[in-house]
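Read off the chains here:
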Amino acid sequence: MQEIKRRYVIPGDKIIEGNYKPLMNVVKSGNYLVSTRVGIAEAGKDGVKVIPLSGVYIPRVNDLVIGKIIDRSSLSWDVDINACFFAHLPAQDVFGRDFSPAKDDMGRQLSIGDLIIARIVSFDRTRDPMLTVQDKDLGKIPYGEFIKISPTRVPRLIGKRGSMIQTIEQATQTRVIIGQNGIVVVTGRDPDGLSLAAKAIKMVEEESHTTNLTQRVKTLLNVQDPVDPEQPESMNASSSTESSTQPQPDIESSTQPQPDIESSTSNNSKSGSGSKEKHRNDNSEESSNNDSNSDQKEKNQE
Amino acid sequence: MYNLKELALMDENGKRSDGRGIDELRSIKITVGVVKNADGSAYIEFGKNKIIVAVYGPREVHPKHMALPDRCVLRCRYHMSPFSTDTRKNPAPSRREVEISKVMRESLEPSLILSDYPRAVIDVFVEVLQADGGSRCAGINAASVALADAGINMRDLVSACAAGRLSDNIVLDINDLEDKEGDADMPVAYLPNLEQVTLLQLDGKVTTAQFSECLEKAISGCKSVYEIQKEALMKKYFGNEMELKEEA
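Protein chains in written order, with this note's numbering: chain A, -16 to 285; chain B, 319 to 566.
Hint data in this document are derived by calculation from the structure and do not stem from the laboratory. Quantities reported herein were computed from a predicted structural model and do not represent experimental measurements. Some hints could be false.
[Said to hold, decoys possible] In silico BS3-like pairs for lysine-lysine, Cα to Cα no more than 25 Å straight-line: (1) B:Lys541 <-> A:Lys(-3); (2) A:Lys28 <-> A:Lys86; (3) B:Lys347 <-> A:Lys(-12).
[What the hints assert, rightly or not] Quick list of the computed label-pair ranges, beta carbon to beta carbon: (4) A:Asn195 <-> B:Glu549: 50 to 56 Å; (5) A:Gln117 <-> B:Asp388: 53 to 59 Å; (6) A:Tyr15 <-> B:Glu534: 23 to 29 Å; (7) B:Glu549 <-> A:Val10: 19 to 25 Å; (8) B:His380 <-> A:Arg(-11): 22 to 28 Å; (9) A:Asp54 <-> B:His383: 15 to 21 Å; (10) A:Lys185 <-> B:Glu549: 24 to 30 Å.
Glycine is no exception: its CB is placed at the ideal position from the N, C-alpha and C atoms.
Chain B extracted, bound-state conformation (with noise of 0.2 Å):
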């Protein structure tokens, strides 16, 4: 049973079950300003996960008592489509939904200046098309691209990867079998340009050398991906230019 499992994970040559190597990250696509009736949206293709996030605000509290009086409330809704997974969704928020809702929260939250908008709301909404593992990654990352598309003042922006561990191997950018057969699985969230992790979770278990080299890899695997955001927003906002052109 167990090489089955290892074979079926990696082959021989190191290559895995959807023929990438060890620190190969599966194909992004980053699409800014999708949603026309949201302040700010994006839509990721991460590997075979589809998403689209869309952001409000920031806007009126409702309801108001919920409003901070120094600072703005970020809520965020991670929500999973019916027809997203082979099997239907149940529609209402389970309580892995729930869950991953509070952690983007928290791991978007260091990012946004909310102090500048006190009384206020900003409402981040995450739908799952499609889903392939990793999705509260692709998540966060679609969300950090909108969040800047809608003018928040921000500190930088938010890029996730996770890494995992596949029997002995320390693999970047875990997919749906991997995290279902796989021995451990690592989602990190981290500002680049601040160098800070926003998000943290591990489940499965891992020595202390594996962790280290997981969240090496994570990391990398971020900074990868912030490569692919910044395109992205600098694509939507001024085309193909990189560079502002001074006229003389």
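Okay, chain A solo, but in the shape it has when bound (with noise of 0.2 Å):
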């Protein structure tokens, strides 16, 4: 297949003429490909694809999100995840089989307001996403600084390999949880650190697109690289296609595979340096916030 130049698209815009395979994206017009969001447009070997740079959360199986209890039911929480429907987490999962709305008071595991860390177990378009926080890592979040970017800059914000947040996290004491909602809790003791670490994934949201930003990231926070731990070389060799959602012409995320999310646990140490465990986590991202919402911070402390 002929590569295509990688290049800006907005809708409407012909990507290639011919008998190429339509991804994410891209929809078939005549005999021309066309991109059907604002984005930059690439070809691999199984087709034509646009990484969006603008767009909503639309919920995915296994993905891992960060929500908010805003109701309950006598059977399942409604959690707000950040998506054009709200998620269902039912009591069961988090009681036990045995669960029964008589005994068990549901207030007592999980209350309106609180967040939680889990993953999207069923979505598809007749139903609304459920939930479960089953798994290692998952549940409530006790606490931290909940920061709202474009679930588009999530893949940018966790970078090659997690090179990105493991910067932020190792230069600012602090843990990192990314949604792929694009929902993000820092926590950590120190209320510098903290600050710091918010300023950081702020400047990844507002810059995402542009070249050389781990550098400007690692001189924000004050980084010596004695060997820079990412070179380009790792344009990977892992699903190209599939990988990148990310805006940036960085080659660095440019083709960047998937994100390692670390998730968070409701007994993580207050010192933020809890069981870390990996996520794989898909970042193809088919739409998201703009940066409208960015700003919105808030604090969650219990």
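Take each chain as given, in its own frame, and dock them per the hints.
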């Protein structure tokens, strides 16, 4: 297949003519493949896709998301996961199979306003997303700094093999929990570290499509890099078509594979050095909020 | 009376009341991402028209019975601020505003891939801050850019422009005076890449030949507007770079 040059596109732009397979955010129109989003068009072995630069979060099965409990019924909680649908967390998932609405008090486990990290177990066109917290490091997030970013920027924030987020964590002595839905929670003891991490995250969001971002983040965080861990050599071998949804032309992350997300637990230690488990996440992102709500920040302390 | 009117709308040199030529658009300026709380937004200055558009969604439908199981609902609200005209405009939705909301929705719908978002809704709010004729076209232009800014899947942008008749002359981009005193006004919305018309209204009388000329002129205006829309979106997302520079 003929390789096409990566380029900026807007909806309706003709990307390429010929018999190519339309992948993400691309439709066929006559003999052309046409972009449906503002973003960066690229072609791989499998077909042609557009990495979007804006849009709301569309839930996908197996995504790790951070949500806020907004309501509860007798059998489940409703969770706002920053998507166009509210998600449901069944009470049985938390209490076990012998849950009884008459005996068990759901309010003792999760109350309205709590933040949770959860995995989407099911979602399709006909049903709202269903969540689970039955996994290691899932559950309630007890405290932390809450930051909302555009979901399309999540892969960029994570960086290639988690490089960006590791840089931020190490430089600021914090733990950063990232949901695929664009919600980020930063925990740590040092208030200066927290605000610096928040600043770096904002910077990544705002400048995600620019080149040399990792270097600028390091400058912001005052990080000396003796040996740059991420050389452009790692134009990854793994699925280049599937991987990068992020906007930047920056080579470092343009093909960045699956971001590692550090999940949080309800019992993580205050120092932020609690158990870390790397979760592989598919970062192909369909849509997301645009920058509009990016500045929204709130503290969640318990 | 006829001569006076003609003199006011077009002089002997073929210049119109605001100094434009027959095929000249008013100056257009589009800014993307002006409403922080919206998912997508745009501000347009189309001559003296000043319009702000905010797009919310896809999001949950309220009331829920309005949701469609197979596709997204598009809601559009065109509203003129009380201070947008020379005499105070009653802020309650007028018959004209309800109609324009409907035609705007119908002109935007073909450009959107609504089946990608079942059971959800997309809200488009068009607020006219200052009106000077052709506000529905300007609103459609800004709404289309705002929808792209919101990251909603679209087949194409929608560009709109009006053409009309002043006596025997077919002119592009009718302003308020020409709309009121002229002989015909024809707003057209167009998908420039797909080459499809999504809105065509006509107020006034034209012959078949004049109709064809009017339509042709309006479509050429739409194509010019499209370039400005494209530039505005590119500027917001890619700065002044139009081409992606690959690193070695």
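Lysine 347 of chain B paired with lysine -12 of chain A [C-alpha distance capped at 25 Å]: Outside the cut-off at roughly 31 Å; violated.
Cβ-Cβ distance between lysine 185 of chain A and glutamate 549 of chain B: within 24 to 30 Å? holds (27 Å)
Given a hint of 22 to 28 Å, does the C-beta separation of histidine 380 of chain B and arginine -11 of chain A actually sit inside it? violated (40 Å)
Asparagine 195 of chain A and glutamate 549 of chain B, beta-carbon distance inside 50 to 56 Å? violated (26 Å)
Starting from the hint 23 to 29 Å, judge whether the C-beta atoms of tyrosine 15 of chain A and glutamate 534 of chain B obey it. holds (25 Å)
CA of lysine 541 of chain B to CA of lysine -3 of chain A, is that 25 Å or under? Distance ~16 Å between lysine 541 of chain B and lysine -3 of chain A Cα, so the pair holds.
Please verify whether lysine 28 of chain A and lysine 86 of chain A have alpha carbons no more than 25 Å apart. Judged against 25 Å, a Cα distance of about 56 Å means the pair is violated.
The hint says 53 to 59 Å between glutamine 117 of chain A and aspartate 388 of chain B; measuring C-beta to C-beta, is that right? violated (33 Å)
Using the beta carbons of glutamate 549 of chain B and valine 10 of chain A, state whether their distance is inside 19 to 25 Å or not. Since glutamate 549 of chain B and valine 10 of chain A have Cβ atoms about 23 Å apart, the given range 19 to 25 Å holds.
Just tell me: holds or violated, for the beta carbon distance of aspartate 54 of chain A and histidine 383 of chain B against 15 to 21 Å? holds (19 Å)
Against the hints set out earlier in the document, violations occur for numbers 2, 3, 4, 5, 8.
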